[in-house]
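For the protein sequence lines, the chains are E and U, in the order given. So that you can map any letter, position 14 of the first sequence is 14 in the working numbering, and since no number is skipped, the others follow by simple counting. So that you can map any letter, position 509 of the second sequence is 509 in the working numbering, and since no number is skipped, the others follow by simple counting.
One or more hints might be untrue.
[Unchecked claim] Calculated Cβ distances over 12 angstroms to all of chain E for the following chain U residues:
# : residue
1 : 64
2 : 99
3 : 144
4 : 228
[Unchecked claim] Lysine-lysine pairs mimicking BS3-like chemistry, simulated, CA-CA at most 25 angstroms apart:
# : chain 1 : residue 1 : chain 2 : residue 2
5 : E       : 4         : U       : 444
6 : E       : 5         : U       : 297
7 : U       : 297       : E       : 4
[Unchecked claim] Cβ pair distances, simulated, as ranges:
#  : chain 1 : residue 1 : chain 2 : residue 2 : range
8  : E       : 16        : U       : 578       : 54 to 62 angstroms
9  : E       : 4         : U       : 403       : 37 to 45 angstroms
10 : E       : 16        : U       : 556       : 53 to 61 angstroms
11 : U       : 593       : E       : 92        : 24 to 32 angstroms
12 : U       : 457       : E       : 47        : 50 to 58 angstroms
13 : U       : 357       : E       : 44        : 42 to 50 angstroms
14 : E       : 136       : U       : 666       : 52 to 60 angstroms
15 : E       : 10        : U       : 508       : 41 to 49 angstroms
16 : E       : 112       : U       : 468       : 38 to 46 angstroms
Derived from the structure by calculation, the hints contain no laboratory data. Note that the Cβ used here is the ideal one computed from N, Cα and C, for glycine as well.
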Amino acid sequence: MTRKKRRLMILLLAGLGLGTATALTLTAFQDNLVFFLSPSDVLAQRPPGERAFRLGGLVEAGSVERHTGADGRPSATFRVTDGPSAITVTYSGVLPDLFREGQGVVTLGKLQPDGSFRASEVLARHDETYMPPEVADALRRAGHWNPAQGAAPPAASWNTAPRQPEGRSGG
Amino acid sequence: MEGPGEPVGSPAGVQGAEPPVSPQSPEHPRMIPELGHFALALACVLAVVQSVLPVVGAERRDARLMGTAGPLAFGQLVAIGTAFGCLAWAYLVNDTTVSNVVANSHSAKPLIYKLSGTWGNHEGSMVLWVLILSVCGAAVAAFGRGLPTALKARVIGVLGWVAVGFLLFILFTSNPFTRIWPPPMDGRGLNPVLQDPGLAMHPPTLYFGYVGYAVTFAFALAALLEGRVDAAWGRWVRPWALGAWCFLTVGITMGSWWAYYELGWGGYWFWDPVENASLLPWLAGTALLHSAIVVEKRDTLKVWSVLLAILAFAMSLLGTFLVRSGVLNSVHAFANDPSRGIFILALLMVYVAGAFALFAWRAPRLSPTGIFAPISREGALVLNNLLLCSIAAVVLAGTLWPMFADILTGAKISVGPPFFNTATAPLAIPLVIAMPIGAMLPWKRADLWAALQRLWWAAVAALVIGFLALVVAGYPVWPVLGMTLAAWLVVGAAADIADRTGLFRRPAQAWRRAIALPRAAWGAAIAHGAVGISIAGVAGMGVATDTLVQLEPGQSTRLAGYEWRMDGLSDVTGANYRARRVTVTVLQDGKVIAVLTPERRTFIVDNQTTAEAAIHTNALRDLYAVLGEERGTAAVLRLHHNPFAPWIWFGGLAMAFGGMLSLSDRRMRVAAPAPKAATVPA
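Kindly produce the complete structure, drawing on both the sequences and the hints.
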C-alpha cells in the first residue's frame, strides 16, 4: 500500500467513524431530547401528550396529598407553581427524601388530556438548600424574583394560594 | 518548621498548675494550616522551575539542566505531600478555624470519614489531584531508569506544566487553608450520602486513573518535542496507560456500586454527566491501551497513539471540569462556583489547544513505517479504536449538548438514558462481536476464516445461551441479545486461551504451555471475558422486577417468586445518626431465604435523611429493599429482584484484575534497550 493510498484509507475510516457517530447522535437526539418547561410555559405552549418533558417550579405549600391505592401502592398529588401559574402533578410512588413543600422540584413525565401532569420521576437532590438552576430561571422569567436583589424570597410568597405561612410541612 | 513547636513554650515550673493539653483543645499547633498553605505555594514555584529547566536542558542537550528533573519531581512530592498532610491534620483534629473544615466536617464524625473528608470536598480533592500527580512524577523519576535522559527530562517537564496549572487553580480559586474568624463551635458536617466506606476510596481511585493519563499525555508531548516515536516509546507508555486504565476501571465500578446501594434507586448507571465524566477518559484510555500495543509490536499507528494520549488526558480534564464547575445539572452536583469553572475551562483550553498545536506542528515528522493488511491484528485494533472513539464522541455530544443548547438558544434541555442507550448500542454491539475475533488474528496479515473456525464453539455456546434466555427464561429481546453477547465474550476468551495452550490439540502439554503463556495473554483474555460478565449483569438488570407496596406488620407481598413479609419497625441509633429500621423477611416455599433490614437514617448534625438499602445476594441475584416512608404502623417499601446484578461489578473488578495481570508481565517491567538507551548510559 502506498503512502497516499494509506492516508486515504485512514481518512476514510476516520470519516466513517465520525459520520456514524454523528448520524447516531442526531437520530437519537430527535426522539430523546427532554425539554424543561415551567408551569407558565406549559399553559402557553400546550405540549403534545406523547412527548415527555421536565416540569419544574416550587411545590405549592399545602398542596401535597398522599394516597394509597387499592393494591397498597402509594401515590401522591401536588401542585407545581412558578407564581402566575400552577399545574397539578400526579406521581405514583414514594416522594424523595428531600421533597418539601415550598421547595424547588423537577419532575419528568407527560401531560395528560385533563391538563394535569403525570410524573414518572420526581428528581431528588443531594442537598436540601439546593435550587435547581432551571427552576431559578423559571422563577426569574415569571417576573417574581430578580436575582440581583439577593436570594429567592420565602417560598410561601410564591404561592398562588398560600395556606401555610411557613411554607413547610411534613418534614 | 517552627509551627508545630511554638505553642508548647510553657516553662517546666508552671506544668503542675496547668491541666494536660488535649489535642482537641485550642492549644494544638495553630500554624499547621499556614505551613500547608506555604507548602502549596512552594510546590507551585517548584513546578514552574520543573516545567522550564529540564525542557530547556533537553533542547540544549545540557546534562546538568536535564539532571534537575528528578530532584525537582521529588521536591514537588515532598511539598505537596506536606500540604496534604497539613490538611488531613486539620480535619483529624477538627480545626474549626479553617473554613474548609467547618464547611465539610464535624467533631462527631467517625474517624475514617474525618480522614476521607479531606478529599470529600472540592478544595481537598484538588489537593489530592496534585498529590497524585506529584507521586506519578516522582515515580517517573525513580523508576524510569531505562528511559533516555532527554525523554525523561521532557516528560517530567510536561508534568510540571500540568502541575503549575492545577496549583495556581488551587491557590487562586480553591484554597483549602483559608481561615475563618471567629471560629464556629463546630463544623457543618459531611453530606450524609457521602459518608460511606466505598465513597471514601472512590475519588482517590478515580484520580489515580485521571492522573495516569496526565503521564501518558506527558509522554506524548515529550515525543512530539523530541520529534520521534518508536516501538520503545510504545513500551514505556503502555504500563502507564494500563495502570491508569486499571484504576479508572475500579473507580467507575466503585462509583456504580455506590450509586446502586447508597442512592437507593436500584439503578447502577444513570448516564449522569458526572458518570460520563469518568466514562469518557475510560473510553479514550481503552483505545490508547490497544493502540499502544500496535506501536510497541509493529512500530506503526504512532501519530494516532500520540493523538489518543492527548485526547485521553483532555477527557480527564473535561471530566474534572464537568464535576467541579457545576455547569451541568447532575444528581451529583457538589460544586457550584462559576469562577472555578472558568479557570478550569481556561486550563482545559490552554492544555488541549497547546497540545493540538504542538501536534499539528510536529506530528508530520513522525513518519509511518509499518504496513499491514486490513484483516490482521492491527486492523482489528484499528477497528477497536474507531468504535471506542465513536462511542466516546456520542457520549461527549450527549453530555455537552445541554450546555451548548443553553448557551446558544437559552433552551433548558436534558439528555437522558434513552438517548445514550439508543446512540451507543449500535456501536457497542459490533465492538463486542469483534473482540474475540480480533484477539484470534495474527499480526500483519490474517485469515479471517481460520480465526472464525477456531471460534465456532464460542459461537455455538453464545447461540445456545441466547436460545435458553429467549425460550426457557422468556427474556425480552435486549436482555437476550446481552446474554448472547456475554456468552460469546466469555467463551471466546476461553477459546483464545485453549487455542494458545493447545488444549485440544495436545492436552498433555497444555498445563505446561498455560504456565509458560505470557501474563499479558492471560490478562487480555481475562479482561475480555470480564466485559462479558459485566454485560451479563447488565442484561440481567434488563429483566429486573420491582414493586412499591404499603405493608402493615405481618402483611406480605409476592415478587419474583418470593414472599416478602414485613415484620415490624424499630428505632436504631448509630454513631452520628438515628434511624428507623424495618425488618423484612423473604421466604421461598415457606423457607426463610433472607432477613432484610433497610433503614431511613436521620443525621443529627444537618438533619438530613437518607434511605439505606438492604441487599441480600447469592451471586446470581440480588434481593433489594428500601424503606420509603412510614404511614402509621405501616411501612411503604420498594422491593427489587435484580437477576445477575452483582456480575456488573464483579466483571468490572475482573477487568481491572486482567489489566493488573498484564501489567505484571515481565515485558512491561524490563525496558528493552532502545536504540538511544543502548548508546547513552542512563
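Now for the hints, and whether the structure bears them out:
Non-interface status of residue 64 (chain U) relative to chain E is upheld: no Cβ of that chain comes within 12 angstroms, the nearest being about 41 angstroms off. Every beta carbon of chain E lies more than 12 angstroms from that of residue 99 (chain U), the smallest distance being close to 17 angstroms; the non-interface claim holds. The non-interface label for residue 144 (chain U) is consistent with chain E: the shortest C-beta to C-beta separation is roughly 32 angstroms, beyond 12 angstroms. Look at residue 228 (chain U): its CB is around 19 angstroms from the nearest CB on chain E, clear of 12 angstroms, so calling it non-interface holds up.
Taking the CA atoms of residue 4 (chain E) and residue 444 (chain U), the gap is about 19 angstroms. The hint holds against a cut of 25 angstroms. Using a Cα cut-off of 25 angstroms, the hinted pair residue 5 (chain E) and residue 297 (chain U) holds, with the two alpha carbons roughly 23 angstroms apart. Between residue 297 (chain U) and residue 4 (chain E) the CA atoms are separated by roughly 23 angstroms; this keeps the pair inside 25 angstroms, and the hint holds. Checked against the hint of 54 to 62 angstroms, the pair residue 16 (chain E) and residue 578 (chain U) passes, with Cβ atoms roughly 59 angstroms apart.
Our hint of 37 to 45 angstroms for residue 4 (chain E) and residue 403 (chain U) holds, since their Cβ atoms are close to 40 angstroms apart. Between residue 16 (chain E) and residue 556 (chain U) the Cβ separation comes to about 57 angstroms, which falls inside the hinted range of 53 to 61 angstroms. Look at residue 593 (chain U) against residue 92 (chain E): about 28 angstroms separates their beta carbons, and that is inside 24 to 32 angstroms. Roughly 53 angstroms separates the CB atoms of residue 457 (chain U) and residue 47 (chain E), a value that falls within the hinted 50 to 58 angstroms.
At roughly 48 angstroms, the beta carbons of residue 357 (chain U) and residue 44 (chain E) sit within the given window of 42 to 50 angstroms. Checked against the hint of 52 to 60 angstroms, the C-beta distance between residue 136 (chain E) and residue 666 (chain U) comes to roughly 58 angstroms, which is consistent with it. Checked against the hint of 41 to 49 angstroms, the C-beta distance between residue 10 (chain E) and residue 508 (chain U) comes to roughly 46 angstroms, which is consistent with it. For residue 112 (chain E) paired with residue 468 (chain U), a C-beta distance near 41 angstroms keeps the hint of 38 to 46 angstroms intact.
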